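S.K.: Going line by line, the protein sequences match chains A and B.
Everything in the first sequence is counted per the numbering used here, starting at 1 for the first residue and increasing by one.
Everything in the second sequence is counted per the numbering used here, starting at 119 for the first residue and increasing by one.
Worth double-checking, as some hints may not be accurate.
Have a look at the derived ranges for each label pair, beta carbon to beta carbon [claimed, not checked]:
id, chain 1, residue 1, chain 2, residue 2, range
1, A, A72, B, L271, 40 to 48 Å
2, A, I63, B, E173, 19 to 27 Å
3, A, L79, B, I182, 26 to 34 Å
4, B, G169, A, T107, 24 to 32 Å
5, A, A72, B, M246, 15 to 23 Å
6, B, E286, A, V113, 49 to 57 Å
7, B, T177, A, I61, 26 to 34 Å
8, B, G243, A, I75, 35 to 43 Å
9, B, I182, A, A58, 13 to 21 Å
10, A, V36, B, G169, 24 to 32 Å
11, B, Q213, A, G114, 48 to 56 Å
Short, incomplete list of chain B residues facing chain A, as computed with Cβ under 7 Å [claimed, not checked]:
id, residue
12, L152
13, P250
14, I308
15, T312
16, P318
Quick caveat, the hints were computed from the structure, so don't treat them as lab data.
Here the structure is a predicted model, which is why all the values come from computation and not from measurement.
All C-beta atoms in this analysis are idealised placements derived from N, C-alpha and C, irrespective of residue type, glycine included.
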Amino acid sequence: MADTEISEQDVTGQEGGPAQVPSEEPTHHPSVGEYVEIGAILAVLTALEVALYYANIAPSITIPMLIALTIAKFILVVLWFMHLRFDSKVFRRFLWAGMVLAGLLYTAAIVLVGIAAG
Amino acid sequence: MAAEAGAASAEHETSLGLSNEKLGMWVFIGSECLFFGAFIAAYILYVGSYGDAPEINPTTIYDIPFTSVSTFILLMSSLGVVLALAAAQQGNHRQMRTWLLATAIMGTVFLSGQVYEFTVFMAEGMTMSTSPFTTSFYVLTGFHGVHVAIGILLLLTLWARSLVGKLERRTTDIVENVGLYWHFVDIVWIVIFTVVYLIPAE
Numbered sequence: 001m002a003d004t005e006i007s008e009q010d011v012t013g014q015e016g017g018p019a020q021v022p023s024e025e026p027t028h029h030p031s032v033g034e035y036v037e038i039g040a041i042l043a044v045l046t047a048l049e050v051a052l053y054y055a056n057i058a059p060s061i062t063i064p065m066l067i068a069l070t071i072a073k074f075i076l077v078v079l080w081f082m083h084l085r086f087d088s089k090v091f092r093r094f095l096w097a098g099m100v101l102a103g104l105l106y107t108a109a110i111v112l113v114g115i116a117a118g
Numbered sequence: 119m120a121a122e123a124g125a126a127s128a129e130h131e132t133s134l135g136l137s138n139e140k141l142g143m144w145v146f147i148g149s150e151c152l153f154f155g156a157f158i159a160a161y162i163l164y165v166g167s168y169g170d171a172p173e174i175n176p177t178t179i180y181d182i183p184f185t186s187v188s189t190f191i192l193l194m195s196s197l198g199v200v201l202a203l204a205a206a207q208q209g210n211h212r213q214m215r216t217w218l219l220a221t222a223i224m225g226t227v228f229l230s231g232q233v234y235e236f237t238v239f240m241a242e243g244m245t246m247s248t249s250p251f252t253t254s255f256y257v258l259t260g261f262h263g264v265h266v267a268i269g270i271l272l273l274l275t276l277w278a279r280s281l282v283g284k285l286e287r288r289t290t291d292i293v294e295n296v297g298l299y300w301h302f303v304d305i306v307w308i309v310i311f312t313v314v315y316l317i318p319a320e
C-alpha cells in the first residue's frame with residue numbers, strides 16, 4: 001500500500017508558523033502491463049458469471065457465487081483502475097461513505113417496504 | 119515567475135494537498151452511489167411485480183448472450199481509459215487520443231446495444247408502464263445509459279481538445295478525472311448486470 005497519512009502537525013504547521021501542505025499526489029500508478037492483466041482478469045470473471053448463469057446449479061449456490069464474483073470485479077476496478085490502492089485515503093473514504101450510506105438506507109427501505117407489503 | 123507558478127498550483131489544491139477537481143469528482147461519485155442505490159433498491163423491490171402482464175418477466179424477456187457481450191465491451195472500455203491515462207502520463211498525446219477515441223467508440227457500441235435492447239423490449243410489449251417491474255428496469259438501466267452518454271461526450275471533448283492543441287495544461291489530471299467518472303459508470307453496470315440480468319428473479 002502506498003497510502004499517505006496526514007498528521008495533525010502536517011496540516012497545522014509548527015510553532016504557529018504557516019501550514020505545511022503535504023503532497024498527496026500519487027507516487028505510483030500501475031504499469032500498462034498491470035492494467036492489461038486486470039482487464040484480462042475482469043474478462044475471465046465476467047465469463048465465469050455468465051457460465052454460472054447457464055450452469056444447472058441451485059440458486060442457493062449460484063447467487064452467493066455471483067455476488068462474490070461481482071464484488072471481486074468491483075474491487076479490482078476500484079483499487080486498480082480508479083487507483084484507490086495507490087491514492088490518498090481521503091478519496092477512499094468518500095467512496096466507502098457513499099456506499100455504506102446507500103447500503104444502510106436502501107436495505108432499511110427494502111425491509112420496511114417488504115414488511116408493509118406483507 | 120516561480121511565484122506565479124506557485125499561485126497557479128495553489129488554485130488547484132485543497133488544504134490537504136489534494137487536487138480540488140479530483141476531490142470534487144470523488145465527492146460526486148460518493149453521492150452517485152446513493153443515486154443509483156435508490157434505483158437498484160427499487161428494482162429489487164419490484165422485480166416480482168408483473169401487474170397485468172405476467173408473461174413479461176426477467177426469465178422471458180432478457181437476452182443474456184447479447185447483454186454479456188455489451189458488458190464485456192463496457193469492461194474493456196475501462197481498460198481503454200486507463201491506457202489513455204498511462205499514455206498521458208508518458209506525454210504520448212497521440213496514443214492518449216487513440217485510447218480516448220477507442221473508449222468512446224466502445225461506450226457508443228454499449229449504448230447502441232442498450233437502445234437496440236429497449237427497442238426489442240418495446241416491440242414485445244414491455245413499456246415503461248406495463249408493470250412496476252418494467253418501470254424499475256427502464257429507470258435503472260435508462261439512467262445508467264444517460265451516464266454512459268455523458269461519459270462519451272466527455273471523452274470526445276477531451277479527444278477533440280487534444281487534437282486542436284487545447285489540452286496541453288494538466289492533461290493527466292483532466293484525463294484521470296474523466297476516467298474516474300467512466301470507471302464509476304462501469305462499476306455501476308457490474309452491479310446492474312448481476313442484480314438485474316444474472317440473478318434469477320424467482
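S.K.: Against this structure, judge whether each hint is valid.
M.R.: Hints versus structure:
{"no.": "1", "hint": "A/A72 x B/L271: 40 to 48 Å", "result": "violated, 31 Å"}
{"no.": "2", "hint": "A/I63 x B/E173: 19 to 27 Å", "result": "holds, 24 Å"}
{"no.": "3", "hint": "A/L79 x B/I182: 26 to 34 Å", "result": "holds, 28 Å"}
{"no.": "4", "hint": "B/G169 x A/T107: 24 to 32 Å", "result": "holds, 25 Å"}
{"no.": "5", "hint": "A/A72 x B/M246: 15 to 23 Å", "result": "violated, 34 Å"}
{"no.": "6", "hint": "B/E286 x A/V113: 49 to 57 Å", "result": "holds, 52 Å"}
{"no.": "7", "hint": "B/T177 x A/I61: 26 to 34 Å", "result": "violated, 19 Å"}
{"no.": "8", "hint": "B/G243 x A/I75: 35 to 43 Å", "result": "holds, 39 Å"}
{"no.": "9", "hint": "B/I182 x A/A58: 13 to 21 Å", "result": "holds, 19 Å"}
{"no.": "10", "hint": "A/V36 x B/G169: 24 to 32 Å", "result": "violated, 46 Å"}
{"no.": "11", "hint": "B/Q213 x A/G114: 48 to 56 Å", "result": "holds, 51 Å"}
{"no.": "12", "hint": "L152", "result": "holds, 5 Å"}
{"no.": "13", "hint": "P250", "result": "violated, 11 Å"}
{"no.": "14", "hint": "I308", "result": "holds, 5 Å"}
{"no.": "15", "hint": "T312", "result": "holds, 4 Å"}
{"no.": "16", "hint": "P318", "result": "holds, 5 Å"}
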